[in-house]
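Protein chains: 2
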Amino acid sequence: MKLATYKDGTKDGQLVVVSKDLTQAHYASHIATKMQQLLDDWNFISPQLEDLYQTLNSGRARHAFPFDPKMCMAPLPRAYQWADGSAYINHVELVRAARGAEVPANFYTDPLLYQGGSDDFLGPTDPIRCPSEEFGIDFEGELAVITADVAMQTDSNDAVSAVRLIMLANDVSLRNLIPEEMAKGFGFYQSKPATAFSPVAVTPDELGEAWSKGRVHLTLTCTLNGRRVGMCEAGEEMTFGFGELIAHAAKTRNIRAGSVFGSGTISNKAVEKNGKKDWPKGYSCIAEKRAMEMLLSGQMSTPFMKYGDTIRLEMKGLDGQSVFGCIDQRVAPLQDPEPPALAEPSSGDDSQAKK
Amino acid sequence: MKLATYKDGTKDGQLVVVSKDLTQAHYASHIATKMQQLLDDWNFISPQLEDLYQTLNSGRARHAFPFDPKMCMAPLPRAYQWADGSAYINHVELVRAARGAEVPANFYTDPLLYQGGSDDFLGPTDPIRCPSEEFGIDFEGELAVITADVAMQTDSNDAVSAVRLIMLANDVSLRNLIPEEMAKGFGFYQSKPATAFSPVAVTPDELGEAWSKGRVHLTLTCTLNGRRVGMCEAGEEMTFGFGELIAHAAKTRNIRAGSVFGSGTISNKAVEKNGKKDWPKGYSCIAEKRAMEMLLSGQMSTPFMKYGDTIRLEMKGLDGQSVFGCIDQRVAPLQDPEPPALAEPSSGDDSQAKK
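First to last, the sequence lines map onto chains B and V. Position one of the first sequence corresponds to residue 4 (the numbering used here), numbered consecutively onward. Position one of the second sequence corresponds to residue 4 (the numbering used here), numbered consecutively onward.
No wet-lab data here; the hints were simulated from the structure. Just to be clear, a hint being listed does not mean it is correct.
Between beta-carbon pairs, the in silico distance windows are [to be verified]: (1) S135(V) - A104(B): 27 to 37 Å; (2) L299(B) - T305(V): 53 to 63 Å; (3) N179(V) - A104(B): 23 to 33 Å; (4) Q57(B) - D11(V): 31 to 41 Å; (5) G323(V) - E53(B): 58 to 68 Å; (6) F47(B) - N179(V): 33 to 43 Å; (7) D44(B) - K10(V): 49 to 59 Å; (8) E212(V) - E53(B): 51 to 61 Å.
Every residue, glycine too, gets a C-beta built ideally from N, C-alpha and C.
Chain B with its partners taken away, still in its complex shape (with noise of 0.2 Å):
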């Protein structure tokens, strides 16, 4: 099934089933009003909803009305756990070579996690506030999950059977402020601001046979002011799935239902081409392609992003339909009274993105 969360003026919204092609939608606000009720109460109240899911889909439910995503919070308000992984290693191996640094061998068998904050997500629609164009503002395409309870030293396979919904994720980053915090050693605060999720979460059931192995065999779509830039696919160059980065994260603690976790930026490997290193799927983050562009030119040429600049992310199903809806966001200064407009989506392809 396919939930969101509405915009009610409340830090935590109100529950709605979405339909199957995310045309309609339907309160749940007789069986939870809540997102995170729903996670405490799984077994309880999902079969519930599933059956409002079934009605909407068949064009039976009563008080259905249209679906607007721009009405939409993060399907997970806020959280009481978010933590990001690095999980493409190819994304790694690529920022590092672009600076000449090696990647760990431990990088390769040992995920890489960061604990983020999450007590105030933001909606797929919502703005990318920031203080400052000169602190290296960028996207990064991901999945997330949002987990029930795991249990500590749960191992990764059982920790994929605690997968309860999925989304996509825009883990906003700040790439002039990254260097002296990793200098630090403490890891990431301000130079992780909020997070944007879908319009959308779905259950791994509704990705079929694309959802494997704690997986999505899907790809995710990056539209930078209104040109195609990337085009990666999701599952295969996956280098720890949903399963081992759960795992991870249960290895001295217990995770409690709602922990949302993050792919890490989705990444594919570069092809050989005429001698030279090609990345026909182009990217998922701006970091990357200047990762790329020092690679092939000794230089970085692409900007982070400015004020009034448009990313979008879409990922398509087996069947072609949009699964989760699209995080479609524009960067805004901190005082902005007008929240802007947002821009159409548009077909224009970026070279680096061929089919």
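Since chain B is already given, all that's left is putting chain V on it; use the hints.
Relative to the frame of chain B, chain V by itself:
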């Protein structure tokens, strides 16, 4: 006023008001059932709780019952954010000096802060469960605050007034897992398991003049296996007050009500005694004791905690009474069907801690 959360089998527990002398409690269920509810609607709910607090203190509350810290969860049992500082620069200096490392200059001007897990806080007498004694189990005696909403870019003066509640924290650390995580640059994850909090959280006015400029000018007593090992003063040598910590956090993000910020290990400077360094106030974590040993004798002899070891943290107010109640925990293996009884507090002094 003083507030606690009683265990009731749910993840959020039941909000109770606790008398100033920590002897009596009263359910707040007719006002608010959960701590987060209070934090989300502070201006409406807190005056009603204050009224109950006054009634309880005057002995006129009709359904008061004896307060039992063993019934307590963390005052806020799960939170949307837990960020822990390292605000006592002496702690950083000491630990770095012991391994021959310099303290970078910006550590004196720019607070250190790491994002921790907040989905599974421990109550004050919950066991510290750890899968292996080889992980280097350590306590860290700290102060922590719970905030109101804090808008992005709020300055440190305004940030201080966002402090709603103050507590003690035991930021349990797995020392032997830290070097590898630090080397990876993504910060702590496995090395920082669940954090425990004092039975009671108090509003700043409870501290009287001891609360000043975002600092608590009181002494934390740390008792390890029945021996008093630390009597560190928490106010004077706190390099960054809670205002600075929160403002640092709010540089690139909004902070939402119910966010918890920790001070880092409370630590006091050495004094010179017969030409040698001495730490008459002792220590608030074993890593510091080991650093002192390294500096004095070239080797670390105090072991980290083993199963069955106990740690007790307490802070007394200007009136000599316990402000927050005791954190009183025992280290235990993961599988341990019978929760161990808590050790009786001992009055034995360690030679390191002289009044």
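- Task: Starting from the range 53 to 63 Å, see whether the pair L299(B) and T305(V) falls in it by beta-carbon distance.
- Result: holds (55 Å)
- Is the gap between the beta carbons of F47(B) and N179(V) within 33 to 43 Å? holds (41 Å)
- Query: Could one say that the CB atoms of S135(V) and A104(B) fall in the range 27 to 37 Å?
  - Reply: holds (32 Å)
- So the hint says 23 to 33 Å: do the beta-carbon atoms of N179(V) and A104(B) match that? holds (26 Å)
- Starting from the hint 49 to 59 Å, judge whether the C-beta atoms of D44(B) and K10(V) obey it. The hint (49 to 59 Å, Cβ to Cβ) is violated, given that D44(B) and K10(V) are roughly 18 Å apart.
- Message: Quick check: does the Cβ-Cβ distance between G323(V) and E53(B) fall within 58 to 68 Å?
- Response: holds (59 Å)
- Supplied distance hint 31 to 41 Å, evaluated on CB atoms of Q57(B) and D11(V): With a Cβ separation near 35 Å, Q57(B) and D11(V) satisfy 31 to 41 Å, so the hint holds.
- Task: For E212(V) and E53(B), compare the CB-CB distance with the range 51 to 61 Å and indicate the outcome.
- Result: Holds: the Cβ-Cβ distance is about 58 Å, inside 51 to 61 Å.
The structure fails hint 7 only (numbered hints given earlier).
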